[in-house]
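Protein chains: 4
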Amino acid sequence: MVVTAETIRKTTNDPLVIAGRAYSSRLLVGTGKYKDLEETRRAVEASGAQIITIAVRRTNIGQNPNEPSLTEVLPPSKYTYLPNTAGCYSAEDAIRTCRLARELLDGHDLVKLEVLGSEKTLYPDIPQTLAAAETLIQDGFKVMVYTNDDPIVARKFAEMGCVAVMPLAAPIGSGLGIRNPYNIRFIVEEATVPILVDAGVGTASDAAIAMELGCDGVLMNTAIAGAQNPVLMAQAMKKAIEAGREAFLAGRMPRKQYGSPSSPLGGTFF
Amino acid sequence: MVVTAETIRKTTNDPLVIAGRAYSSRLLVGTGKYKDLEETRRAVEASGAQIITIAVRRTNIGQNPNEPSLTEVLPPSKYTYLPNTAGCYSAEDAIRTCRLARELLDGHDLVKLEVLGSEKTLYPDIPQTLAAAETLIQDGFKVMVYTNDDPIVARKFAEMGCVAVMPLAAPIGSGLGIRNPYNIRFIVEEATVPILVDAGVGTASDAAIAMELGCDGVLMNTAIAGAQNPVLMAQAMKKAIEAGREAFLAGRMPRKQYGSPSSPLGGTFF
Amino acid sequence: MVVTAETIRKTTNDPLVIAGRAYSSRLLVGTGKYKDLEETRRAVEASGAQIITIAVRRTNIGQNPNEPSLTEVLPPSKYTYLPNTAGCYSAEDAIRTCRLARELLDGHDLVKLEVLGSEKTLYPDIPQTLAAAETLIQDGFKVMVYTNDDPIVARKFAEMGCVAVMPLAAPIGSGLGIRNPYNIRFIVEEATVPILVDAGVGTASDAAIAMELGCDGVLMNTAIAGAQNPVLMAQAMKKAIEAGREAFLAGRMPRKQYGSPSSPLGGTFF
Amino acid sequence: MVVTAETIRKTTNDPLVIAGRAYSSRLLVGTGKYKDLEETRRAVEASGAQIITIAVRRTNIGQNPNEPSLTEVLPPSKYTYLPNTAGCYSAEDAIRTCRLARELLDGHDLVKLEVLGSEKTLYPDIPQTLAAAETLIQDGFKVMVYTNDDPIVARKFAEMGCVAVMPLAAPIGSGLGIRNPYNIRFIVEEATVPILVDAGVGTASDAAIAMELGCDGVLMNTAIAGAQNPVLMAQAMKKAIEAGREAFLAGRMPRKQYGSPSSPLGGTFF
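Residue numbers (the working numbering), protein chains in the order written: chain S, 1 to 270; chain X, 271 to 540; chain E, 541 to 810; chain U, 811 to 1080.
The set of hints was computed from the structure by calculation and includes no laboratory data.
The C-beta atom is built at its ideal place from N, Cα and C for all residues, glycine as well.
It cannot be assumed that every hint is accurate.
[Unchecked claim] Using 27 Å as the maximum straight-line C-alpha spacing, the simulated DSSO-like pairs for lysine-lysine come out as follows:
no.: 1; chain 1: E; residue 1: 575; chain 2: S; residue 2: 120
no.: 2; chain 1: S; residue 1: 256; chain 2: X; residue 2: 412
no.: 3; chain 1: U; residue 1: 843; chain 2: U; residue 2: 888
no.: 4; chain 1: U; residue 1: 1066; chain 2: X; residue 2: 390
no.: 5; chain 1: U; residue 1: 888; chain 2: U; residue 2: 845
no.: 6; chain 1: X; residue 1: 412; chain 2: S; residue 2: 35
no.: 7; chain 1: X; residue 1: 305; chain 2: X; residue 2: 348
no.: 8; chain 1: X; residue 1: 526; chain 2: S; residue 2: 120
no.: 9; chain 1: E; residue 1: 660; chain 2: E; residue 2: 618
no.: 10; chain 1: S; residue 1: 78; chain 2: S; residue 2: 142
no.: 11; chain 1: S; residue 1: 78; chain 2: S; residue 2: 120
no.: 12; chain 1: E; residue 1: 660; chain 2: X; residue 2: 526
no.: 13; chain 1: E; residue 1: 575; chain 2: U; residue 2: 1066
no.: 14; chain 1: S; residue 1: 256; chain 2: E; residue 2: 660
no.: 15; chain 1: S; residue 1: 256; chain 2: U; residue 2: 1066
no.: 16; chain 1: U; residue 1: 1066; chain 2: E; residue 2: 796
no.: 17; chain 1: X; residue 1: 412; chain 2: X; residue 2: 305
no.: 18; chain 1: U; residue 1: 845; chain 2: U; residue 2: 952
no.: 19; chain 1: U; residue 1: 930; chain 2: E; residue 2: 660
no.: 20; chain 1: E; residue 1: 796; chain 2: U; residue 2: 888
no.: 21; chain 1: U; residue 1: 930; chain 2: U; residue 2: 843
no.: 22; chain 1: E; residue 1: 682; chain 2: E; residue 2: 575
no.: 23; chain 1: S; residue 1: 256; chain 2: X; residue 2: 526
no.: 24; chain 1: E; residue 1: 682; chain 2: E; residue 2: 618
no.: 25; chain 1: E; residue 1: 796; chain 2: U; residue 2: 952
no.: 26; chain 1: X; residue 1: 412; chain 2: X; residue 2: 348
no.: 27; chain 1: U; residue 1: 930; chain 2: X; residue 2: 526
no.: 28; chain 1: S; residue 1: 35; chain 2: S; residue 2: 120
no.: 29; chain 1: U; residue 1: 888; chain 2: U; residue 2: 930
[Unchecked claim] Cβ-to-Cβ under 10 Å is the rule here; a few derived chain X residues that face chain U:
no.: 30; residue: 284
no.: 31; residue: 305
no.: 32; residue: 307
no.: 33; residue: 311
no.: 34; residue: 333
no.: 35; residue: 337
no.: 36; residue: 390
no.: 37; residue: 391
no.: 38; residue: 394
no.: 39; residue: 395
no.: 40; residue: 421
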């Protein structure tokens, strides 16, 4: 195969576009669970992420003026903030949290909506999430939505006007990888907005698999923060996301049930 | 976790050492199945490989002086050549092929031994491979050996003096990925020489998984040459190998059966 | 372990109870896709099923008095009929279909509700299904509900008053087996009503796995009707369901990463 | 599909033939690891097994006349004894053990050969097993051989004259199920003697999967003896083996990536 102009364009200029803004990195990272803000900063930098998600109910981004703020080590001028509603178990709570974030961040309207349905599995509550998304969109927010891996639900969020749909790979913080690649594939095939895997990635290959399935990006936190060496894992994830994206664009070899020689022997020397 | 001097050393200087020689790349590539020598060259370069394997019975490295030789586009001065015995179905054939390679390559003694047992699965014939390895080692060759994923057999090859043991992930050219990660893990745990996965990798995540299991490297050919865009896939594989290695060194998060919040809510703001 | 009275009770009297009625068989079967009514009858008999599901929009159970009726070969006196809403893509359609079934079957109120969201994946439309379930329950129906494998959604259906929750294993008619055993396990762990896997089973082992995960039963159609020999497959499924149930009750051995001798050699003869 | 005479023959008379003798049961069981001989007897009976394997170095079948003998509870008149060489780590030991068994059992020549290569994985030592098999066959034994899942090795054992080839599913006693179904499939496809999965089965579905892959039988011990209720698990295994066999003969439905309605709606009533 000749490397065409199209291919070159694809690999040298293949941005992730969310809510009209282009990002060269397809890895989005969380900021929780690190030892301290310094480790957070170093891991985020190693990840190459340009969008960072922040648990508004947990992370100080100005709510408490007397404590160190994330905004000092990871300034909003440099990173796109993605306030999230982690810990919200109702549409009402999630909506209130988004509004608080907008206030704290001077009118910032890009948010990650998650409404949880169980403390055990941390699975989303889809009816509550649908309700919250509807209100938030009407209220002018640009909603990236955390959801289960149901393709019908994913389509509903896209039709409703969410700017990105983010199905889980596995329960939040489980590190189990993509439990149901078929569903992620179904979601990607019908996607009209960017699809990002959110939650469940455990190691580099999990991230690569998400990208090979055609996802537009991956959001993770524990996989990096929970590694023995978070900064090195962040760097691994950066490469894994790029590797998976490039493998997707390159078009993998077909799978074969039997062997197929690398060096066919028609016309061998001896 | 503090990034220690040890960690820095590990990531900035973590060479693959084979037969006493250090390589910064852990990706070894084949040279067959490309459209032409130019594509071969470009894919190999994009892969960052420093060791390239050559099917002596198939590839012109001087046997036929009237045709273009691989040595012109990928000079042995720049790459470590790894002549292989692809297409050999007996110890005798494999030994003869290695000797021919040594002659053609002025005494070069590093070889990849494979003795196949079936045209359908391209699985190795272990008794024949053991016999050939023994003779070749006595004959002064440094043998990297293609084998099945049996940990006992792998140990035998290492004890015998092979300089690297290369279990298959899946049948040659199948692209099925690592069919039995348990076995690869067993082999790695008991390894006394470098373990490289050889055969069966289909896409970037497969390569990352091999490295996350603790393998020292991966050898592949069809996964790159058989992609729709081989050069882009070669670049993806380079990153995947690095990502997998770094994820292995970084120490992945533990898997958990249930969810675990990225942003625990003890002491939330509201 | 001594086989206790409890164990004996469990295996000789371990009924599936749905809507207050006990069934000795845990296999529910569909009646579609067979060659003719005679094959339907023979397969259903071989399966040992006591509950049979009927696509009201498709199967003649009296709508057309001039054609052979399923009621003649599989009489409602012998089988519990489970009319289903296959082919309905809205709550409204599904409700209407259930009411028609009740009329045709003289007040029969046990139904299987499915509201589909896509012709491609045949995934359920959860918001529509929730709405339909609510109306049907208020209307006096006993609702067994086809759903995705989201544990939060499953809990909602149980809380609402559905008499059984039936998560999919994989898309209807795909035969892919249980794509996400974790989710089925989560659903079973929190179940307050019977959980039956519905859709996606392809062969006998798939059915056994569902039961080993703790499900109360399995509903299938294509896995039997689409086999080359449906009657023999029905018999296989009967045994697989029983095998899986008994294995679940028997308590499987723990998995171990390494080998463990069947015949430990402390105190051997020689 | 019409159920032909052929099909009826297949299911009502589908014996496993080993060394010229026909068995209606395809489940072979070990006799180790039970609480006492009484539990051994009851589990073996529940399993329906007709061939029972006995670790000659461990189990009293007459070596010690002062202790209870297995022959009393499971008489050789009723069961085909399959003495095995569990615990042997060299060809020499294994051969000696087989000869002892023949002596103890009055010329009985059917044996299960296993020569282990590692106490950790309990993987077989293939070169030692090949050597032992050769000697034993020359010595008049009918050898059923425990091997890894390498299709080339399996073929060698069959060509050599072994009466059955028994690849592992996973390490002995691990209960991990069939780690590499591709290899088992390859072995079955080329089989000229019965193929029985030996070792690694953990629960009923694992046994069913082995049979669905086309294996002729399964040998297990820990999966039954290590269950919380061994007798109930033995009964589950009996059904699982039959279910898997029948599913194999019935010819499963094809797998489809997308959904396919059980009740197609062309010509629906409304």
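Hint check:
1. 575/E / 120/S: Answer violated: residue 575/E to residue 120/S is near 46 Å, above 27 Å.
2. 256/S / 412/X: Measuring from Cα to Cα gives roughly 32 Å; hence the hint is violated.
3. 843/U / 888/U: holds, 22 Å
4. 1066/U / 390/X: Roughly 26 Å between the alpha carbons, so the hint for residue 1066/U and residue 390/X holds.
5. 888/U / 845/U: With Cα atoms ~22 Å apart, residue 888/U and residue 845/U stay inside 27 Å; holds.
6. 412/X / 35/S: The hint is violated at about 47 Å.
7. 305/X / 348/X: holds, 22 Å
8. 526/X / 120/S: holds, 11 Å
9. 660/E / 618/E: Given that 27 Å is the threshold and the Cα spacing comes to 35 Å, the pair is violated.
10. 78/S / 142/S: holds, 20 Å
11. 78/S / 120/S: Violated, at about 35 Å.
12. 660/E / 526/X: Roughly 33 Å separates the two Cα atoms, so the pair is violated.
13. 575/E / 1066/U: holds, 20 Å
14. 256/S / 660/E: holds, 26 Å
15. 256/S / 1066/U: holds, 17 Å
16. 1066/U / 796/E: violated, 33 Å
17. 412/X / 305/X: violated, 31 Å
18. 845/U / 952/U: violated, 31 Å
19. 930/U / 660/E: violated, 48 Å
20. 796/E / 888/U: Outside the cut-off at roughly 34 Å; violated.
21. 930/U / 843/U: holds, 18 Å
22. 682/E / 575/E: Violated - the C-alpha atoms of residue 575/E and residue 682/E are around 31 Å apart, more than 27 Å.
23. 256/S / 526/X: violated, 33 Å
24. 682/E / 618/E: holds, 20 Å
25. 796/E / 952/U: Outside the cut-off at roughly 32 Å; violated.
26. 412/X / 348/X: holds, 20 Å
27. 930/U / 526/X: holds, 26 Å
28. 35/S / 120/S: At roughly 24 Å apart (the allowed maximum being 27 Å), residue 120/S and residue 35/S satisfy the hint.
29. 888/U / 930/U: violated, 35 Å
30. 284: This hint is violated: residue 284/X lies away from chain U, its Cβ roughly 27 Å from the closest one there, beyond 10 Å.
31. 305: Where the cut-off is 10 Å and the nearest Cβ of chain U is about 30 Å from residue 305/X, the hint is violated.
32. 307: violated, 34 Å
33. 311: violated, 34 Å
34. 333: Not OK, violated: residue 333/X not within 10 Å of chain U, min 29 Å.
35. 337: Since the shortest Cβ distance to chain U is 34 Å, the answer is violated.
36. 390: holds, 8 Å
37. 391: holds, 5 Å
38. 394: Holds, about 7 Å.
39. 395: holds, 5 Å
40. 421: Result: holds, 6 Å to nearest chain U Cβ.
Hints 1, 2, 6, 9, 11, 12, 16, 17, 18, 19, 20, 22, 23, 25, 29, 30, 31, 32, 33, 34 and 35 from the earlier list are contradicted by this structure; the remaining hints agree with it.
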